[in-house]
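Whole structure, please, built from the sequences with the hints as guidance.
Protein sequences, first through last, are from chains F, U, G and S.
For the first sequence, the numbering used here assigns the number 85 to the last residue and increments by one with no breaks.
For the second sequence, the numbering used here assigns the number 1085 to the last residue and increments by one with no breaks.
For the third sequence, the numbering used here assigns the number 2148 to the last residue and increments by one with no breaks.
For the fourth sequence, the numbering used here assigns the number 3148 to the last residue and increments by one with no breaks.
Accuracy of the hints is not assured; some may be wrong.
As the list claims (entries may be wrong) - FRET-style restraints, in silico, Cβ to Cβ:
1. U:Glu-1020 to G:Gly-2085: 36 to 44 angstroms
2. G:Ala-2022 to U:Leu-1037: 51 to 59 angstroms
3. S:Gln-3007 to F:Phe-63: 21 to 29 angstroms
Simulated from the structure, these hints should not be mistaken for laboratory data.
Glycine residues also receive a C-beta, built at the ideal position from the N, C-alpha and C atoms.
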Amino acid sequence: MALDILYFAWVRERIGIDSERIDQPDSRATVADIVTLLAARGGGYAEALDDPARLRAALDQRFVPLDSPVGEARELALFPPVTGG
Amino acid sequence: MALDILYFAWVRERIGIDSERIDQPDSRATVADIVTLLAARGGGYAEALDDPARLRAALDQRFVPLDSPVGEARELALFPPVTGG
Amino acid sequence: MKRIAVQPEDFDAAAELAALEALGGGGVASFIGIVRGEGGLVALELEHYPAMTEPQVDRIVDQALERWPLLGVTVIHRVGRLEPGARIVFVGTASRHRTAALESCAFLIDWLKSHAPFWKKEYFADGEGRWVVARAEDEAKAAGWQSF
Amino acid sequence: MKRIAVQPEDFDAAAELAALEALGGGGVASFIGIVRGEGGLVALELEHYPAMTEPQVDRIVDQALERWPLLGVTVIHRVGRLEPGARIVFVGTASRHRTAALESCAFLIDWLKSHAPFWKKEYFADGEGRWVVARAEDEAKAAGWQSF
Chain F
1 MALDILYFAW
11 VRERIGIDSE
21 RIDQPDSRAT
31 VADIVTLLAA
41 RGGGYAEALD
51 DPARLRAALD
61 QRFVPLDSPV
71 GEARELALFP
81 PVTGG
Chain U
1001 MALDILYFAW
1011 VRERIGIDSE
1021 RIDQPDSRAT
1031 VADIVTLLAA
1041 RGGGYAEALD
1051 DPARLRAALD
1061 QRFVPLDSPV
1071 GEARELALFP
1081 PVTGG
Chain G
2001 MKRIAVQPED
2011 FDAAAELAAL
2021 EALGGGGVAS
2031 FIGIVRGEGG
2041 LVALELEHYP
2051 AMTEPQVDRI
2061 VDQALERWPL
2071 LGVTVIHRVG
2081 RLEPGARIVF
2091 VGTASRHRTA
2101 ALESCAFLID
2111 WLKSHAPFWK
2121 KEYFADGEGR
2131 WVVARAEDEA
2141 KAAGWQSF
Chain S
3001 MKRIAVQPED
3011 FDAAAELAAL
3021 EALGGGGVAS
3031 FIGIVRGEGG
3041 LVALELEHYP
3051 AMTEPQVDRI
3061 VDQALERWPL
3071 LGVTVIHRVG
3081 RLEPGARIVF
3091 VGTASRHRTA
3101 ALESCAFLID
3111 WLKSHAPFWK
3121 KEYFADGEGR
3131 WVVARAEDEA
3141 KAAGWQSF
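Okay, here's the thing in structure tokens:
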């Protein structure tokens, strides 16, 4: 199944694109598993994603902890902690 | 020495005047002493002032407890608890 | 900036906010109190103690300025006869810190309620007038700031 | 009344307040956040997650509506490039109770800071851009409402 991945703020800048589509490896995979998979690509991906403690995530537009299984979600967003308001 | 007494809200309405001047009995007299003195006049005064627990006071435009000595103050105001805002 | 007014006239909330926004802080908090037309209320009469009101509001504002890092405070309190829907009071604060702006705004309105010489009388359709009774809750709220 | 907007355009704070005042409650609280021009800042760029932002702000507003007896809530958050002095955010609440209006206003701004998908980038006179780092203090402030 296809999973759309969105990047925001400095995660987006380091990776150099704002979104992409990947084949979801396994519905039991967690957000953290996918972060590890992407970081392994090296370059900007490693720069953006190598420290998961600095990352936050949303699945289908809902904030989730990084250890959440991706399940049937169609959209995963990765970004730093929010700074609105 | 003369002491101006001001009344507000239902204290003013019951007494029927908004201010008057009295001879201050004694600089050691407290606000409560003056309230007692005025209440003893009976009529609207008694109606307005017979329950000191329902009254608040200011001496020279500063809130004070009823047991404060009037001292050198020139103006005593008597009124119910405030309800602004 | 410190602006205090006690007046029968209405005020321009937008102009008051704009003046606070122009101070260069990051946040402006405000509270506007309005006459509620409940239970057949036709008007509210606000009595005050003219010689005391502004100096007393000024003291309350000074306490807020001591307690929080504020760039500006505006307090406008109306007096006289006000009809349902009319504005009674405006409290606005500007600060670099949103928490300072919000807390000081809450403090100011709580203290105005319990520490400024205003008295409200409600008038109803049958012509009857009734003095508003001070609420113990308001006293407690104001007292709560003491130990803040 | 529930009004939520995420937009690049400025907003008319007076009109927003007037709409809240017209709801018949006794109090309207508001907070306006403004870009501070400190340290040579020339602009702030606000990025957001378009598909998520409004639904997420809506959830935050619903929490406020569950928690406090409110007659109306307005949240307007700007996105895009904003210069010093520009408004970033407006939060306004109307209630019969001043405490409900003030507390919910503080809650909403705290939660927007830590629970809505916005990211700020600061630009300085030398052309350099720097992403604003989330403050632990803001997280703590938002978390404080959980146990409220």
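**Q.** Satisfaction of the hinted span 21 to 29 angstroms by the C-beta atoms belonging to Gln-3007 of chain S and Phe-63 of chain F
**A.** 23 angstroms, holds
Q.
Just to be sure I understand the hint, the distance between the Cβ atoms of Glu-1020 of chain U and Gly-2085 of chain G should be within 36 to 44 angstroms; is that true here?
A. 38 angstroms, holds
(Q) Is 51 to 59 angstroms respected by the C-beta to C-beta distance linking Ala-2022 of chain G and Leu-1037 of chain U? (A) Cβ of Ala-2022 of chain G to Cβ of Leu-1037 of chain U: about 54 angstroms, so the range 51 to 59 angstroms holds.
Violated hints for the displayed structure: none, as all numbered hints are satisfied.
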